[in-house]
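**Student:** The lines below spell out each chain.
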Amino acid sequence: MVIKVIMMFETIKLFIKGFFVTIFREEGIKSIKKEMINPLVILFIFGFMQAFPSSFNSIESFIFNFVSNFAIIIILSMILCIFLYIIARMLGSKIKIKEYIKRIMNVFLITSLAFIIVAFLLINFGILINYPEVALKVVQGGFLSYYLFVVFGWSTERLAGFDDLKGTILGIVAVILIYIFHLITGLLP
Amino acid sequence: MEFNLQIFFMLLLAYGTIRATLFFKKSGNFLYIIVVSIFILIITNNWALMYGGSLKDLYDSYSSIVNIVPLLLFLGYIYLENQKKKISEEKERVRKMFGKYVSDSIIKEVMKKGKIKIGGERKEVTILYTDVRGFTDLSERIPAEEVVKLLNQHFDVLTKVALKHRGTVDKFIGDAVMVVFGAPISQKDHALHAVECGVEMQQKMKELNEKLKNIGEHLYIGVSINSGEAIIGNIGSEKFMDYTAVGDTVNTASRMQSAAGQGEIVISEATYSKVKDKIKIGKKDQIKVKGKEKPIVIYKVKF
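These protein sequences, in sequence, are chains A and B. Using the working numbering, the first residue of the first sequence is number 476, and each one after it goes up by one. Using the working numbering, the first residue of the second sequence is number 1082, and each one after it goes up by one.
The shape of chain A in the complex, shown without the other chains (with noise of 0.2 Å):
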C-alpha cells in the first residue's frame, strides 16, 4: 500500500515536472520519458477535455455531440500519433511504438492542460486589470494554441531520440499535422 502511495506521488511528480516542455526544457522530456500514467487513461482524458460541444440545443444534443466529439478526438490523436511514428522511423529513430504514441499522448495533454491553466490566468488577470476583453483576444486569437503546436512539434522531435536536422524535419511535420488536426476539431460541434 505504501509503496502504492509512492509511486503515485512519483507519477505526479514526474506529470507536473512534464510541464517544463512548454517552455523547452530538457527536464520536462525527461520526466515524459519516464512517466507511467496508463497510455488509454490519458487518450481518454484528453478526449474528455477536448469532447465538450461548443454548441447544443438540449440535454439529448449535448450527450450525442460529446460522445461523438470524444470519438472523432481519439480516433483523429491516434492516426496523428502513428503518422508520427512512421515519419519518425523513417528518419531513422528506433524507438517502439508504444512508446511513442505514450509519450506522445502525455504532451497532448500536457499541452491542453497548459491551454487551460494559462487561458484561465490570463482571463483572470484581463478582469483584474479591467482589460478582460484584451485576454479574451489573446487566448481565442490563437496565439496561445499557435505557441503550443510549437512545443507539441519541439516534443515530438525530442521524444523521438532527435535533437538535430533530421529532428527538425519531424518538429515541421509535427506542427503542420497539429494545426491540421486543430482545424478539424474547430468544425466539431
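No wet-lab data here; the hints were simulated from the structure. Bear in mind that the values here come from a model prediction, so they are computed numbers and not experimental data. The beta-carbon is built from N, C-alpha and C at its ideal position, and this holds for glycine as well.
Label pairs and their computed distance ranges (CB to CB):
1. A:565 to B:1086: 22 to 28 Å
2. A:478 to B:1374: 38 to 44 Å
3. B:1086 to A:600: 29 to 35 Å
4. A:508 to B:1227: 57 to 63 Å
Here are some chain A residues pointing at chain B (derived, C-beta under 7 Å):
5. 621
6. 625
7. 643
8. 650
Using the hints provided, position chain B relative to the given structure of chain A.
**Tutor:** Frame of chain A; chain B shown alone:
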C-alpha cells in the same frame, strides 16, 4: 475555423525560430542567431500585415520596444557565451581527469555523452593484464637505470596499443600493466577488443625485441584476459584517488597471469564464450588460482 496560409507560414517560422535558438544554445554557433533574427522580423512583419499595417508602422508605434530587441539579443548572446564557457571548463576537467588513461576517441565520446558515472557503478568489462617474464632476473643482471629505461620503453609500446584498441590503462603495477575494456564508455565487443589488443601487444613486443637485440637484451610478456562484472569508479582516499576497477573479475585476471608463459595470451572461459567465433583458440587447460576452490578453465590464444 478556416485554413489561413499566413498563420500556417508564421507557425512554421515560429518553429524554425525556436529550433534555431535551441541549436544556438547547444552549439554556440552565431549563425543561428542571425537565422532567428530574420525569422522574427518576418513573423513580426506578417503579423503587422495581418492587421493592416507594416513593419515600419510597427516600428514607428513601438520604436522604444523595438530598440530594446537588439540589446536583449546582445544580452542573450553574452549569457549563452557564459554558459558555453562553463561547459568548456567542465569538458577540460573531464579531459584532465581521463586524459591519462583513455584514448582521444573515448574522451570525445565521454564529452559528447555529457555525463558518466564516476562515483562507482557495476559494469560488464574485460580486464587485461600483462606481466614481464623473467623480470627479477633481468633487474639483477643490468644496472637500475637500464632497467627503468627498458621498462618505460615497453610500457610506452603497450600503452599505445591499449589506447588504440579503446582500452583504459588502469595502472602500472611494477612491471605489470592493467587495462580495462568497456569503461568508462560501455562497449559491446569489449572482450574482442581486449583479445585483439593482447595479440597486437605480443606482436609489438617482438618488434621491440628486434630493436633491443643491438644492446643484447630482450623483454617478453605474458598476457591474461578475463571478462565479467566489476565495480568501476573513482576509488581511493580523499587525497589520492584513481579511476579503477575492482572485484573478482579483476582478481582472477591478475591471478591467471601465472598461466601465461612468455609470448602467450591466456583467456578465461567468460572471455572465450564472447570471442570464440572470432579468434583462433589453442589449448584448453585448467589451473588452480588463489581464492577459488575449483580450478578455472583457460584457453591459449593462437596468433
